[in-house]
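Reconstruct the complex from the two isolated chains, following the hints.
Protein chains in written order, with the numbering used here: chain A, 1 to 684; chain B, 1 to 353.
None of these hints come from the bench; they were simulated from the model.
Don't take each hint at face value.
Said to hold, decoys possible - Footprint (simulated), chain A over chain B, 3 or more residues, beta carbon under 8 Å: (1) 34–46; (2) 107–115; (3) 134–142; (4) 187–196; (5) 204–213; (6) 248–260.
Idealized CB from N, CA, C, for every residue including glycine.
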Amino acid sequence: MLSPRGLWFLIVVILIFVVGAFLIPNYSVVPALASLALLTWFCVEWGLFQVRVNAVVARLRVSRQMLQGGRESPMLWVGRVFEVRVRVENPSAIALPFAVLEDRRPVATERTRGTNVVFASIPARGQVEIVYSLVAPAPGLLRFEGVNLRVCDRQGFFYHRRFVREAVELPVLPPLTDDEGRQRATKQFNTLPPPGIHRLRRPGSGSELLDLRDYRPGDPPKLIAWKPSARRDKLITKEFESDVPVRCRLFLDTSESVRLGPTGNTLLTRLVEVAAAVAQASAANRDLVGLTTFDETVAHGLLPARTKMHLINVLRRLSEVASLQPGVRGVPSELLTQRAFPLAHELYPELMTKRVNSMPWSRLWLPLLDRKYGWVVLAMILLSPLLLTIRGWASGVANFAAMTVPKSWPFLTKLAWFTLVFLVSIFPPATFGVLFWFTHGVRGWFGERRRKLTQRKQVASVLALQDGSGPAGVERYIHDDEAYAAQVAAFLQRHRLRCPIPLYDERGLYLYRCPGKAVVLRDALIEAVSRARDNELYVVLADLVELGDDLAPVVQAVRVARARHHHILVIVPWPSDVPPPDDHQEAPAGTRTLADKAGKGLPPGTRQDQERKKVRKKPTARNKTGGLAQLLRQTLCRQYQESFKRLRRELGRVGATVMRLNDGDPVRAVLDRLDRVRGMRSRR
Amino acid sequence: MSSDRDDTIRDVEIDDRPDGPDRTRGDVSLERSEVFALLFGDPPVRNYLVAGLAALAMIFLLLLQEGSDLGGLLIVVIGSAGLVLLWPQAPLFVLTLLTYFLLYPTGIPGEAFEKRWEIAEGHFRPADLILAFSLLIYVAAHYRLISVTWQALATEGAVRRQNEPLIRRPPVLIAPNELGILLGIGIASVFASQIVWWVANSVAIRPGETFPFVWSGAERSLRRAESPGALPPAATRFLALTGMFLFGVLLSRLVFGYWRLRSMNAAEAGMIVLDHGWGETHRERSRIENWRLWRRERTRARDRAAVKPRQGPEKPPIKTANRSTTSPPKHHNSQNPSHDPRQRAGRRTGDRP
Chain A
1 MLSPRGLWFL IVVILIFVVG AFLIPNYSVV PALASLALLT WFCVEWGLFQ
51 VRVNAVVARL RVSRQMLQGG RESPMLWVGR VFEVRVRVEN PSAIALPFAV
101 LEDRRPVATE RTRGTNVVFA SIPARGQVEI VYSLVAPAPG LLRFEGVNLR
151 VCDRQGFFYH RRFVREAVEL PVLPPLTDDE GRQRATKQFN TLPPPGIHRL
201 RRPGSGSELL DLRDYRPGDP PKLIAWKPSA RRDKLITKEF ESDVPVRCRL
251 FLDTSESVRL GPTGNTLLTR LVEVAAAVAQ ASAANRDLVG LTTFDETVAH
301 GLLPARTKMH LINVLRRLSE VASLQPGVRG VPSELLTQRA FPLAHELYPE
351 LMTKRVNSMP WSRLWLPLLD RKYGWVVLAM ILLSPLLLTI RGWASGVANF
401 AAMTVPKSWP FLTKLAWFTL VFLVSIFPPA TFGVLFWFTH GVRGWFGERR
451 RKLTQRKQVA SVLALQDGSG PAGVERYIHD DEAYAAQVAA FLQRHRLRCP
501 IPLYDERGLY LYRCPGKAVV LRDALIEAVS RARDNELYVV LADLVELGDD
551 LAPVVQAVRV ARARHHHILV IVPWPSDVPP PDDHQEAPAG TRTLADKAGK
601 GLPPGTRQDQ ERKKVRKKPT ARNKTGGLAQ LLRQTLCRQY QESFKRLRRE
651 LGRVGATVMR LNDGDPVRAV LDRLDRVRGM RSRR
Chain B
1 MSSDRDDTIR DVEIDDRPDG PDRTRGDVSL ERSEVFALLF GDPPVRNYLV
51 AGLAALAMIF LLLLQEGSDL GGLLIVVIGS AGLVLLWPQA PLFVLTLLTY
101 FLLYPTGIPG EAFEKRWEIA EGHFRPADLI LAFSLLIYVA AHYRLISVTW
151 QALATEGAVR RQNEPLIRRP PVLIAPNELG ILLGIGIASV FASQIVWWVA
201 NSVAIRPGET FPFVWSGAER SLRRAESPGA LPPAATRFLA LTGMFLFGVL
251 LSRLVFGYWR LRSMNAAEAG MIVLDHGWGE THRERSRIEN WRLWRRERTR
301 ARDRAAVKPR QGPEKPPIKT ANRSTTSPPK HHNSQNPSHD PRQRAGRRTG
351 DRP
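Bound conformation, chain B alone (with noise of 0.2 Å):
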């Protein structure tokens, strides 16, 4: 499919395209109607847009608890629209409202309103909860729709070719189980990261003792540090969440990495040792094939001003199946230049037909 071959794959006229829009293959892009069809008719996929648009349903509900009701409005309108246009940037733009209209609930921006203890406060609020889970949900379901409308599996380069088609995850494929899979990881990756948030707005960093993290408690002063030596609250949030995320890096690259390196093949190490050899030796390898190759082209210009008339081709040997050679093959070289060649009639540079 992907290959630059133009060595005549050549098909037959086969029309494998079903009627209406065909739930096993990926590779046959759907017009709008079918789009809608397979949105509103076929059921594993119905249900991720039921799921999708309850989700914005919910945040719209919680943003209108909180005083913005015109933030839900446009979330709705925007989330549910990138539902079913198949817009791929809407949970981005989804998401970027929300952080706008969390900050200014009005709207208009500069009122903004400082509540002194909503890091203390938040924690495990159950409306926080429910909205970043209504939140994950909507994302998870526009982008799984998204896979299974339009587009699963990215291009092979960075700009997609022309006659490239665009690989769709087929409807078929969807399993009963999967809504209820992503529900579960959605209540725990909301659960985790509030513990995450939680203990990193609850450890003090006091640099100065043995063990510098104590866990100080959700009391803390703003912007004041706890004691004299000890870090304020905002740069302990900052080193603890860096610490984390960059602990979780560093472990996860020791067990993917070395998982990796188990299951790689003998030709993929072979390449890794050969880059590394060629990397530590290719300076000095340059220098001595560019005189290698200056020495060759010298031999030849000498060979060339001494060369004596030809007395002849030499005569290789004959090869059959049922004695052996009598002596090893030589290339020949035959081409004469003294000879002007006829041009072939109609042949041009490229293929002869």
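If we strip away everything but chain A, and leave its shape as in the complex, we get (with noise of 0.2 Å):
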């Protein structure tokens, strides 16, 4: 592609020549040989330039490494330096005398040695090393794109950028747990069985007496207890307990509420680094730990196990939510273009040029007929001959035309005028409809509304590349907003991208209550209990604050575990800019609380609730200097924190107990529970 550097050397270089080769070569030839020596190098530098192009860029190879830890590493680790190691290889006989090799790097990453970005001559038949180092602060998926190669000549009149595309997706897994974080459980009674182990009230194999009963024909002689058989003169024989491992089910909530928030730092990515933790310290434990993550739709399940290839699998899934990301929905779709096109025209630069992914000048043209008015127009061309009807018309219009036309006009010039002037007066209305016709279409090859769609044409023809739909996919996210915003979701999601996303949509509805994860996380409770053997500990990580009366089949789940006799311990993520809600903080004035709305029966969180709050009593001190949006947000602060206490009292009703994310160690309280159930006797 030739720079604007190269652009006005040939326009001047080419306009010099013309002048020294046809206005003044009887004055002086050097004008002319001097611009045809300047066009000869320029034509000889582009030449050396494409053979450069074809015959080295297009067949670079990039190949890659993952080091951490001083070897390579199919997975990555969370808060671990590793190192990233790019080859660029070029297999041709033909050298690049300078190239800018930049190699992408995932978001939410930072660098921490070296730079991804080399300026080189690549040799013939030679390579190019990249190397830097990164660490990945947050769990997840990272991915390599590529290489994004530039090459220009030596004087910058020419330049070409290609991206070198080597995708390699790695899980970075959560962080592992030192030893302090191994934590073993404490003994807290004479009889503690070994760790991962507690009693089971039947019999078994255990070390633990649990009954004497008769001696059946077939009992082992060393189960016979000779001092109660001679007691009684008979023989009586032991019974011990069963040990059974203590199971932990982790169940994660991975649906679009939790998803929100920039790449590394949602409350997804703070509950995966809770449950890792939790899991690998119940490893450790020797306890059998299982997880559940599920959304609004689906939930996925890894049985409880407590091998390492488990722990390996936990966290690999782990890993792999941490990095969804939520939908578009709601989203303009000239926002999700905003968001589309740089990183397709960055990825995909072969493709977005206009040779080869073109939008017509007729495809922009706006069409009349689109708007009522048009059909106003089409009439006024159509009955336009009506005006024939007229006696006199048209001879009247032909005597103007040639009063019109200069006497001194050569024939043909005439005869054209007159023509000309006739046909534009004969139908007014017709040469009025078609003047406003034109510039109406002519219009849309002007302005934002061609960049927008020359842009979303182009995004949708690589789209439809890539899922292979053809023209008519390319026609189809061209209009339907619907399967562009679902596709171009599934792209950004593909390459690790977010996108800003409204969070209310036009009636001022919140967009990611997300209330169908109740309904998933109850089934999978409730399978959970189904499978159980003996009491487990069901550990909920998931953002139920929001849910409200949606609540209920979560409740109905707890219910039912906890008739099991299994323990159900909740934590929920709390947001950082929303404080605690037992500091005791003061509400403004006028505003209701939950518990005051409790009475007057209206179900919390509808309109009218909402327009009562509104109404507020005398205004005091604190009020008048607080501003508006203090005020917005105290109730705000209020609202949410009484909607965790209803979702703490109504859980804490059926028997689970409810935490908040930040509060205190929730790894710890969760092995405390682990402690309890290992430790739990039922009583005689």
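Put into structure tokens, the structure is as follows:
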């Protein structure tokens, strides 16, 4: 491609050549000779550049290595530095004198050493290496797309950009706990069984005596209790307790409500970190741990186990869900295009050029008949011939056209002018209609609409090429906002790029409550209860504060689980900008809490309820100075705290413990609960 | 570097910038003192500077020989200033000035001297060859110095963005034989251009002949055609040069176009096919899509009007790692418009903290 420098150079040289070769060669041939020499040199440089682009750039190969801890690793760990080695190989016999190679870094990574941009010349049959170190501060999936290559000639006349794709996805597993994190169970009872097991009040092969019974033929002699047998004068057999491992099942909420936020700093990331710490601590105690991830529609489960392979699978699953992005529901298509177009332009530059991905001028034309007044204009055009029914109209127009023709003009010119004036004047409504049609349609060739439509078409073409839907898919993505949004969301998700999304729709409804996850969680809990063999601990890491009345299925499931003597611990994420609910803050005057509303019969969260909350009594001095924004913020915080208290109250009634994610150490709380399950005894 | 990612590619505080002009990096802008240090202190860069200044000196001498001392001086001043002060447009001004002072050696407009046999004798004159060669070397040296000290790679868009760094060519990448190759290419270009000019002025076009191109030599009249029916020399020159240019363009397009097709990847080829297919059918498909969307909106409006009270949400299937699903999952649109959600504290449209 010609750069601005090359373009100006070419223009000036051609201009001087034209002047020197055709206007002043009789005065001096040197300008023509000099400019011709410069043009020849320009063509030679262009030819050399094209040879390099076709022979070298098109054949470059990229290979990548990730090293962590000094060795190549297929997966990475949070917080640990890893080295990225990218090798760009040139298999051709032609060298590239100057190239800028940039390894596209994944989002949400921090560079610790080296640089991912290299300025190098690629030798013939040689290679260039890019080495740098990164650290991933949050779990998820890192996607390395490839190397962005830009080449130019030595003068800066030409440049070429190509993206050498070499997509690699690596999971970033949650951090490994250190020795302090590997918490072992503390011995609370003298008869505490070894870690990883607890008592089951059924006969088994444990070491604790459960019961004495009469001897049955076939019982092994070593189980005979001799002293009671001597006392009763008949054989008595000992029965021991069965050692059953403690099971802990984690239910992790991966719905869209917890995916909101910048990459690596979402509520889901924090939940994943807690889940990973719990899983590792449980595994260290040789307890079985299982993981079930659920969202609004489906739940995926990993049955409890305690092998190292299972732990790795759990951590991998956690890293996969940590990288999930919220949907783009409600996002305007223009915003999606603004996000997807630069990404497509960066990753697929050869597919976004006008040469292969064009927008014809006819498509940009604004159709007049799309508007209602277009039919009026059409009628004006079609009905104009009715003017001929007026007596003397045609002759009058002809006389008028003849009067406008200057007599000094040549005959043909006079004839052409007469014809033009006659045609324009014979049907004035048609003339006006055609002019209106033209000015209306040609507006589409200019302005913002052209840019937006062209960008959308180019993005739609890339999406259609990737999903194989062909020209029909291109047209569908241009017209159908829903299909386009779905494809763009998948495109952004695939390339791990987030899109700013609106939290509320046009009616003011919050879009990310996700009440459907309550049903999914209920079914997952009940299924876990049906599979459970003994007292288990269910840890629910979910954002349930906003559900309100939709919490009923969860309450039902908790009740079923408690009926089977399982323990339920619910950990809810808490926004960092909302004060804890147990901090006593004065509510603004006139605002009413959920408790105040309870007696009014209004369901909380309804529009009437919110309108009532707007009613204020006499404003205090505090409100005067706070400002409306602060007042609103305090009210919203209060509402959120009340919602949490309600959640805690409802689940507490059925026996579940609710705690906040940033309230103390949730991992410690889970492990303490596991200990309680381990040391629990049933009453005789 | 050029992406619009605002998703926080965070860098820890790393100061990679060495003291003084870095010879290995091309994304660090140079201060004026660093530019001078590079121009006069770095040997490969200095070679280009010396070559450019020498070319300007030769141009001055040749113009002095032509009687245009003022022109030579102006060209030397502007060219030298452009080389040292990194003025990108200097070569274009030098070209224009050279043309002007070759036409008006004294610099006074109107005092041009027409030479009857200038075209006939203007072939392979050493002074002309040296002048063209010097000009070429100066222009090439100037642009290569600009690439090393200021900018080599064009910006992504038509207008440079605010934070977009200028990419220059690191001096460490200057090969030792670069200047030699440039001199060789320059000599070859000058000779090639001379041959083209000679051929364009020596060929006569006779449209009536079987083969219209005839070699007539340089001794031709300036304004009259050589024989009745033949084109005048000026028209012949125009047609010959234009024809050679178009033929060259055609040949290069044939060669490089075919080569580009051969090196095209599957995605690019697929996009070409897709784009052509869409271009031929988009009118009909547009009508079909408009109808489909109209039909869908109408169906949805009808469904909304006939919606019954909700009986409860559907029960989605549960998937586990060890058993298959019993039924495919269904999309659960569970936005309940009857509930006014409690607005989150401190959350505005956009990303959550």
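Claimed coverage, the segment 134–142 of chain B by chain A - three or more beta carbons nearer than 8 Å: Held - the segment 134–142 of chain B has 4 residues with a Cβ nearer than 8 Å to chain A, which meets the minimum of three.
Within 8 Å of chain A's CB atoms, at least three CB atoms from the segment 187–196 of chain B: coverage verdict: Check passed, 7 qualifying residues.
Assertion that chain A covers the segment 248–260 of chain B - criterion: three or more residues, beta-carbon distance below 8 Å: holds (count 5)
Verdict on chain A covering the segment 204–213 of chain B, where coverage means 3 or more residues with a C-beta closer than 8 Å: violated (count 0)
Cβ contact check, 8 Å cutoff: the segment 107–115 of chain B against chain A, three residues minimum: holds (count 4)
Per-stretch coverage check for the segment 34–46 of chain B, three Cβ contacts closer than 8 Å to chain A: violated (count 0)
Hint violations for this structure: numbers 1 and 5, all remaining hints satisfied.
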